[in-house]
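Whenever a hint applies, use it, and build me the whole structure from the sequences.
Now for the letters of each chain:
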Amino acid sequence: MAVANRRIVRWGAFALALAAPIVLGQGSAVDEIAKYRAALQDGNPAELWEVRGEGIWKAPVGPGKASLEKCDLGLGPGVVKGAYAAMPRYFADADKVMDLETRLVWCRVKLQGMSEADAKKNPFGGPNNKSDMEALVAFVTSESRGARMNVSIDHPKEREAYRIGEKIFYFRGGPHDFGCVTCHGEDGKRIRLQDLPNLTTKEGAQKAYTTWPAYRVSQGELRSFQWRLNDCFRQQRFPELVFTSDASIALTMYLARNANGAPFDAPAIKR
Amino acid sequence: MNRGFIAVALAGLGAATLLVGCATGPSDAEISAKTTSMMKASFNARGQAKLDRLDQDDAQKTCTEYSGKPLPTEVAQRIEKENLASITWPADGKYLGSWQNGEKIAQEGRGMQYSDDPASPSGANCYACHQLAPQELSYGTIGPSLYQFAKLRGYGVEIQKYAYGKVFNSEAYNACTTMPRFGHSKILTEQQVKDVVALLMDPASPVNK
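Chains as they are written, first to last, in this note's numbering: chain A, 4 to 274; chain B, 33 to 241.
Derived from the structure by calculation, the hints contain no laboratory data. Certain hints may be false.
[What the hints assert, rightly or not] In silico DSS-like pairs for lysine-lysine, Cα to Cα no more than 25 angstroms straight-line:
hint, chain 1, residue 1, chain 2, residue 2
1, A, K123, A, K73
2, A, K113, A, K68
3, A, K99, B, K66
4, B, K82, A, K123
5, B, K101, A, K205
6, A, K210, B, K101
7, B, K136, A, K192
[Stated by the list, open to error] Over 12 angstroms on every C-beta distance to chain A, these chain B residues come out as not near it, computed from the model:
hint, residue
8, L83
9, G100
10, E106
11, Q109
12, K126
13, K136
14, P153
15, V189
16, E222
For every residue, glycine included, the Cβ atom is placed at its ideal position computed from N, Cα and C.
Rendered as structure tokens:
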């Protein structure tokens with residue numbers, strides 16, 4: 004409770020920082036945006052999602068009045084610390100490679116007796132619509148802050164997911180001929196004034212992957228990695244990426260594995 | 033002695049087989065086939081974005097195949113030839129529309145996403161990737177700067193035709209470019225293509241100031 008209060012006070016200070024005007028002068032627009040981004044780092048409302056997610060994680064629900072505290076995220080039942088830094092991974096009980104969101108759905112079904120449809124409902128929040136899933140993601144990922152990315156491709160299914168994820172990354176289609184690689188295949192590029200990470204390099208993948216999920220100032224929402232992929236494909240003019248679909252897991256595997264070695268540093272805060 | 037040697041040799045062979053098995057796994061073609069079927073199962077049609085958007089034409093398929101690798105000259109030439117031949121040139125022979133409309137189209141980012149209204153005209157979002165008019169500071173750098181496009185290249189009809197063709201079907205001039213084929217893929221109408229070309233080519237356009 005005290006922790007939550009302290010977090011909310013810090014969030015108030017953050018709101019004041021946001022009120023500072025942004026002046027876009029000739030030639031200095033990029034510098035000004037860098038300053039704006041630095042100012043954002045002062046406080047991160049993602050903490051509100053983390054606190055709420057922890058509450059959901061510990062709340063006994065469903066027919067068995069079970070919490071998620073026995074959920075095995077890969078390091079054993081109930082071990083949350085550092086678990087996200089080694090996901091996606093192969094889970095023998097499901098005989099499947101799962102990312103965090105897929106595993107959370109699995110635990111809600113297996114431990115709490117929720118239907119799969121209910122567990123997948125409302126994956127992304129919006130105005131007047133809080134997503135339990137995004138809160139859970141905020142909590143679990145925050146418990147990996149500082150842990151080094153260590154995603155395995157030793158299991159044949161992990162290796163296969165990685166290879167398929169790589170193919171998806173380079174897949175060009177739709178009316179605009181876009182693929183992930185269109186915007187994320189070269190160093191030092193930007194779309195409008197937004198810097199684009201080059202996800203084909205280790206450094207670029209590390210910097211990008213370790214800073215998701217993130218609180219998006221422009222949306223007032225904490226966004227999960229499933230959301231990030233979903234919205235990238237929307238802008239690619241593709242149909243809608245299905246939440247926790249195999250393609251979403253494979254692509255996450257490709258990007259997470261490429262980020263290996265870097266300290267995880269999220270939930271972050273982004274424009 | 034002999035039996036021992038054979039046992040060691042067999043163990044070695046076993047280890048080698050295991051290693052090869054680990055190193056190769058499914059072939060690249062098998063992974064590609066799995067990718068295609070996995071993608072079909074992982075997307076839902078929504079709004080104007082139907083599942084047929086995952087079906088690749090020859091250029092998309094070939095450019096995916098060579099993405100991140102050098103594109104062989106003969107493959108590049110084939111793609112460019114096919115795309116050049118498919119361009120619909122304006123029936124009235126005029127390449128330039130209104131640069132003022134072109135500027136609006138260049139600024140507009142909406143169009144063809146499932147979240148967009150299919151009844152509204154699409155934008156080209158040129159500024160997402162290119163510098164154009166110097167007044168607009170918020171431009172991207174995925175494509176080259178087009179500031180002073182015609183001032184540097186000339187205002188003649190051949191350059192007009194090139195600009196029209198490039199906006200209509202970029203693959204005709206630069207195989208596997210990151211730039212969309214705005215006319216070919218019916219993102220823009222013929223008139224909209226002309227308007228964008230005017231933004232690049234009209235001496236009165238801010239691009240050429």
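Hint check results:
1. K123(A) <-> K73(A): Holds, because 19 angstroms separates the two Cα atoms, which is no more than 25 angstroms.
2. K113(A) <-> K68(A): Holds, at roughly 12 angstroms.
3. K99(A) <-> K66(B): holds (15 angstroms)
4. K82(B) <-> K123(A): OK: K82(B) and K123(A) at ~22 angstroms, within 25 angstroms.
5. K101(B) <-> K205(A): holds (17 angstroms)
6. K210(A) <-> K101(B): holds (24 angstroms)
7. K136(B) <-> K192(A): holds (24 angstroms)
8. L83: Non-interface label on L83(B) violated, nearest chain A Cβ at 6 angstroms vs cutoff 12 angstroms.
9. G100: violated (6 angstroms)
10. E106: It holds; E106(B) is separated from chain A by about 20 angstroms at its closest Cβ, greater than 12 angstroms.
11. Q109: The claim holds: Q109(B) sits with its nearest Cβ about 18 angstroms from chain A, beyond 12 angstroms.
12. K126: holds (26 angstroms)
13. K136: The claim holds: K136(B) sits with its nearest Cβ about 16 angstroms from chain A, beyond 12 angstroms.
14. P153: holds (14 angstroms)
15. V189: At roughly 28 angstroms from the nearest Cβ of chain A, V189(B) sits farther out than 12 angstroms, so the non-interface label holds.
16. E222: holds (16 angstroms)
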